Each structure stands twice: as structure tokens, then as C-alpha cells.
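**Q** Sequence:
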Amino acid sequence: MPKVLVLDTDTERRKMLCQGLAEAGHEVVAPEACAVHLVQLVKELSPDIIIIDTDSPDRDTLEHICIVTRDDPRPIVMFAADADSDKIREAVKAGVNAYIVNGLAEERIQPILDVAIARFAQMQSLREELAAARSELEDRKSVDRAKAILMRSRKMSEPQAYEALRKLAMDSSQRIAEVARQVINLRELLEIDPK
Numbered sequence: 236m237p238k239v240l241v242l243d244t245d246t247e248r249r250k251m252l253c254q255g256l257a258e259a260g261h262e263v264v265a266p267e268a269c270a271v272h273l274v275q276l277v278k279e280l281s282p283d284i285i286i287i288d289t290d291s292p293d294r295d296t297l298e299h300i301c302i303v304t305r306d307d308p309r310p311i312v313m314f315a316a317d318a319d320s321d322k323i324r325e326a327v328k329a330g331v332n333a334y335i336v337n338g339l340a341e342e343r344i345q346p347i348l349d350v351a352i353a354r355f356a357q358m359q360s361l362r363e364e365l366a367a368a369r370s371e372l373e374d375r376k377s378v379d380r381a382k383a384i385l386m387r388s389r390k391m392s393e394p395q396a397y398e399a400l401r402k403l404a405m406d407s408s409q410r411i412a413e414v415a416r417q418v419i420n421l422r423e424l425l426e427i428d429p430k
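Residue numbers (our numbering): 236 to 430.
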């Protein structure tokens, strides 16, 4: 059963939202707190999904959403009365997965959560792919730098330098990129002229 954190300073709206979520089978946590306590509440309660109901997202709320998205990402749904396109863009940029204007109705809650969860999963997948691509690029740069060091300092050809790195990696049961970084670090330690 997913745990949903509901933040809404309006008691009646919060009560209606919690009732709809409970009927849909969610564990609901709805402290009487505003979104500026979001980071602390996420740490304490570890919700699976966050719902923020507000008239208009203010700067503090968006900053706290950014922090949660960066440090402890999870699906975030925002119900708001403000249809200003700049506010919507800011909220999405901060990490809101679904921004719903004047759409808080019990029967719509579950489909909205489903969309937010799907969008969150898609964004997480893209972030992981981007991180993997960046890591692979950094690995290639390290290998190329290490090859250049070996080619200059040991008068090796490029294939010989690569083979030396590969053999050292196999012999030490390490990835070639790790060995390359060790070669780079050793060169810096010994102050070998990189030219």
C-alpha cells in the first residue's frame, strides 16, 4: 500500500483529499503542516508519493520541492488554483510530475496519481541513462588520458598503451577506467610532464 504525504493548509480540502486517497487504498499521512516543512517531512515519514494542494505555489514551496527532487526523489502531484503558465513551468522544473488546475475531485485522484507515478518513473529512467552516459564518457576520457601518458612517458604506440592498460586491468581484476585513473593520479603524484 503506497504511503501518500498530503500537504494542504485548508482543513476541508485536506480532509476530502485524504478520504479519496484512503478509499483508493493508500496509506495517508496528512500532518497539519505547510510545504515549507516538506524536506523534513519526507525524511521523517518516507512517503512514496507527495501531494501538495495550494492556491498558488510560492517560491519557498518550489525551493523545497527542488531539494526533495534532488536529494530524495519521488512522485509529486500539485493541485493548484493558479493556471499561470509561468507558475506551471516553475513547478514542473522544480520536480512536480503532475500540476492539476482546479481538478481536485475524489474520482480523479487515482488516475492523476497513476500519471504522476508513470511520469516520475520515466524521468528517473532518463536521469539514470544520462548518468550512465556521463560516466561512460568520463571513463573514455580517463582511458584516453592514460594512453597519452603512457605513449609519451614509455614511448608506446596507442595500441600498445591500450594493451598495457587492459593487461593491468585484467591482472588486478579492475575495470580499465579504474586503472586509467590510477595512471593519471600516479602521473600527477610524480609530476610527470603531461606534454
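Think of the hints as simulated: they come from the structure by calculation, not from any bench.
Please note that a few of the clues may not be correct.
[Stated by the list, open to error] Below, simulated DSSO-like cross-link-like pairs (lysine-lysine); rule was C-alpha separation at most 27 Å, straight line:
no. : residue 1 : residue 2
1   : Lys-390   : Lys-376
2   : Lys-250   : Lys-278
3   : Lys-376   : Lys-402
[As the list claims (entries may be wrong)] Pairwise CB distance ranges (calculated):
no. : residue 1 : residue 2 : range
4   : Arg-369   : Thr-244   : 16 to 24 Å
5   : Met-236   : His-272   : 18 to 26 Å
6   : Leu-280   : Glu-426   : 51 to 59 Å
7   : Met-236   : Arg-294   : 30 to 38 Å
8   : Arg-387   : Val-271   : 41 to 49 Å
9   : Gly-260   : Asp-319   : 28 to 36 Å
10  : Arg-305   : Lys-402   : 39 to 47 Å
11  : Gly-260   : Asp-321   : 48 to 56 Å
12  : Arg-369   : Lys-328   : 19 to 27 Å
13  : Lys-328   : Asp-290   : 13 to 21 Å
14  : Pro-266   : Glu-423   : 49 to 57 Å
15  : Asp-245   : Asp-374   : 29 to 37 Å
A quick note: this is a predicted structure, and the numbers were derived from the prediction, not measured.
From the three backbone atoms N, C-alpha and C, an ideal C-beta is built for every residue, glycine too.
**Q** Each hint needs a verdict: does it hold in this structure or not?
**A** Hint by hint, here is what the structure shows:
no., hint, verdict
1, Lys-390 / Lys-376, "20 Å, holds"
2, Lys-250 / Lys-278, "23 Å, holds"
3, Lys-376 / Lys-402, "19 Å, holds"
4, Arg-369 / Thr-244: 16 to 24 Å, "40 Å, violated"
5, Met-236 / His-272: 18 to 26 Å, "24 Å, holds"
6, Leu-280 / Glu-426: 51 to 59 Å, "52 Å, holds"
7, Met-236 / Arg-294: 30 to 38 Å, "34 Å, holds"
8, Arg-387 / Val-271: 41 to 49 Å, "56 Å, violated"
9, Gly-260 / Asp-319: 28 to 36 Å, "34 Å, holds"
10, Arg-305 / Lys-402: 39 to 47 Å, "41 Å, holds"
11, Gly-260 / Asp-321: 48 to 56 Å, "36 Å, violated"
12, Arg-369 / Lys-328: 19 to 27 Å, "21 Å, holds"
13, Lys-328 / Asp-290: 13 to 21 Å, "20 Å, holds"
14, Pro-266 / Glu-423: 49 to 57 Å, "51 Å, holds"
15, Asp-245 / Asp-374: 29 to 37 Å, "51 Å, violated"
The structure fails to meet hints 4, 8, 11, 15 from the earlier list, while all remaining hints are met.
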